[in-house]
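Chemist: Residue numbers (the numbering used here), protein chains in the order written: chain A, 1 to 434; chain B, 1001 to 1209.
In case anyone wonders, no lab produced these hints; they're calculated from the structure. We treat Cβ as the ideally placed atom computed from N, Cα and C, and that holds for glycine. Please note that the accuracy of each hint is not assured.
[As the list claims (entries may be wrong)] A partial selection of chain A residues facing chain B, derived with a Cβ cut-off under 7 angstroms:
#: 1; residue: Val22
#: 2; residue: Gly61
#: 3; residue: Phe229
#: 4; residue: Val251
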Amino acid sequence: MDEYTIGLIGTGVLIFLVLFGVRVVYATAAIGFLGVVSIIGWPGAGINVGMIPYAKGSIYGLSVIPMFILIGFLAYHAGMTRALFDAAKKWIGWVPGGMAVATVFATAGFAAVSGASTATAAVFSRVAIPEMLKHGYDRRLAAGVVAAGGTLASLIPPSAILVIYAIIVEESVGRLLVAGFVPGVVSAIIYALIIIGMAWYNPALGRPITGFTWGERMKSVPGTFPVVFVICIIFFSMYAGWATPTEAGAVGSFVVFIMALMGGMKWHTLKEALHETAKLTVVIFSLIWGVIIYVRFMGFAELPAAFAEWVVALPFPPVVTMICILAFYVVLGMFMDAIGMLLLTLPVVYPAVIGLGYDPIWFGIIVVKMCEVCLITPPIGLNCYVVAGVRPDIPLQDIFKGITPFFICDLITLALFLAFPQIILWLPNTMLNN
Amino acid sequence: MSNPTGGETLATLDRQLAKFEDLLNIVAAFFILALMFFGAAQVISRKLLNYPLWGYIDIVEIGMVTFAFLAISSCQRLGGHIRMEILVRRLSGRSMWIFEFIGVVVALAIMLVLVWYAFDAFMRALQLGDSTIDRELVTWPSKMLVPFAFTVLIARLMLQIWGYWRLILHPDAKPIAVPLLADVIEQAQKEIKDTFGDDAPGPVQGGNS
Chain A
1 MDEYTIGLIG TGVLIFLVLF GVRVVYATAA IGFLGVVSII GWPGAGINVG MIPYAKGSIY
61 GLSVIPMFIL IGFLAYHAGM TRALFDAAKK WIGWVPGGMA VATVFATAGF AAVSGASTAT
121 AAVFSRVAIP EMLKHGYDRR LAAGVVAAGG TLASLIPPSA ILVIYAIIVE ESVGRLLVAG
181 FVPGVVSAII YALIIIGMAW YNPALGRPIT GFTWGERMKS VPGTFPVVFV ICIIFFSMYA
241 GWATPTEAGA VGSFVVFIMA LMGGMKWHTL KEALHETAKL TVVIFSLIWG VIIYVRFMGF
301 AELPAAFAEW VVALPFPPVV TMICILAFYV VLGMFMDAIG MLLLTLPVVY PAVIGLGYDP
361 IWFGIIVVKM CEVCLITPPI GLNCYVVAGV RPDIPLQDIF KGITPFFICD LITLALFLAF
421 PQIILWLPNT MLNN
Chain B
1001 MSNPTGGETL ATLDRQLAKF EDLLNIVAAF FILALMFFGA AQVISRKLLN YPLWGYIDIV
1061 EIGMVTFAFL AISSCQRLGG HIRMEILVRR LSGRSMWIFE FIGVVVALAI MLVLVWYAFD
1121 AFMRALQLGD STIDRELVTW PSKMLVPFAF TVLIARLMLQ IWGYWRLILH PDAKPIAVPL
1181 LADVIEQAQK EIKDTFGDDA PGPVQGGNS
């Protein structure tokens, strides 16, 4: 049996195991190991594969992951959410649907200190929804904007999922993180525009909030300084080159940690945050070494190269193939966690995408945006459930209805990114000088 | 319940191992906090004092093995490792336990292989006096943590095999030492609790948690 056939059979068995509920780390490691054994034999395979967990578990670049996760867990306790929302409301509340627009920009600001979409949705369910409802805003819009705004967290740095993508495809973590910034802001602007359009057409959805003086507006600014400070640390440190992503993450989480302590965070809360960070960290590290074992097998089987050749030879324009790949991610995202989905598919899909001539940084942002779309679409749509959890008075079906315009926005955004890759690539190419 | 299914010993072993796993989780959490302070100290020391901490990257690489591996078993206990549940969710009773059992057997098989070679790598590092490049720190304590964490995981997987086997024999018995499937509502509730801590609101509407 040739290596290519072994690769195909191995991948088939892997799909079977994953479908039947075997945890991805074990399924990939087991199939990867058996595959390597069947190609290069037992002693070589054992040594080859056996060293992978330690080798991957001690890569300095991956140490940024717990830092970004920790920031996410501490961000709420640092008490910056209300200040953000207050400032956004006073500065842009005057537009149609102003409170909802303010929520979008406040979630974007919070996303700059937290990489966790669900946490962002949870926090703003508590901070923004009551105020919107108090001002007579449509509850579907109020819930939808919070669930959708949460998704901005994975694009705007810090973002753990972008780090994972960078490590798996061996791209620069700094470039990926910098590249996420503009698409995050563009997504936020498109959300804001659709809200303004909807509220302008139907004022009952949400009226403008006016009456703030310039003095009140200026007074709301200092409250956002901690957020700006953390953004500056994480963002500028990386492309000014004075800190590695891990160091930037460490300084960012240190600042958020101090702010959380000043905000009255209790020892018990810190302990829980650290526990949860440790759990999520080990999940990601385990997935990485498990998938890398499978990738090693794929390398021996030369399957990704063959798949890439096949995809490139398809008689369609690359953009059609790309749309099919994105549709595949939408379907897969209905049944699987975003990180697992990315790690499981990238070893095979990524070489094909590069073979089609797409930029690796561009694809990273696109695929992470796809993962975020899955967070607001049924049947899982975890962000919607999180909003329902914090606001039990809003029925889940209303939240899913409220999310519909934002889902359309996301499709428009993705189409924009497909048509104009420079939206994504401009900043990293300019700031990091290729 | 008075237990004709032999669950008492399993439950005792589960509790004892869980205590140890929680301890390892605390160690991992401590090292994450330490990395935060260490990374911040490195930036301040290097940029403000022009005095980079010697061997910073070596120390991080040696230390990060703690949070990369030590909590692996507690995560397995809680069913935290990622998987696709679409088909398992449709099963119930004995057929579900059989699939869960097979999944854990696959896990045990690969972990037995990996623990062997991870131990081998540790022994080589110990015998050869392997060290890091910059600060020349010995790597064997760090490499030892991998087979150690995998051994604890193997113990956990064996308990789960026992737990699932017991449920295959007695599908209606109370599940012991096995993680239960969490639905999306329960997942959402956990995300909310993780975000707000003690400040979290009550159960999600329509929730069954």
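Chemist: Per the CB criterion, is Val22/A less than 7 angstroms away from chain B?
Modeler: holds (4 angstroms)
Chemist: When the nearest CB of chain B is found for Val251/A, is that gap smaller than 7 angstroms?
Modeler: holds (5 angstroms)
Chemist: So, as I understand it, the hint says Phe229/A touches chain B; can you test that by seeing if any CB pair is closer than 7 angstroms?
Modeler: violated (14 angstroms)
Chemist: Checking hints one by one. Is Gly61/A an interface residue toward chain B, by the C-beta closer than 7 angstroms rule?
Modeler: violated (10 angstroms)
Hint compliance for this structure: hints 2 and 3 are broken, all remaining hints hold.
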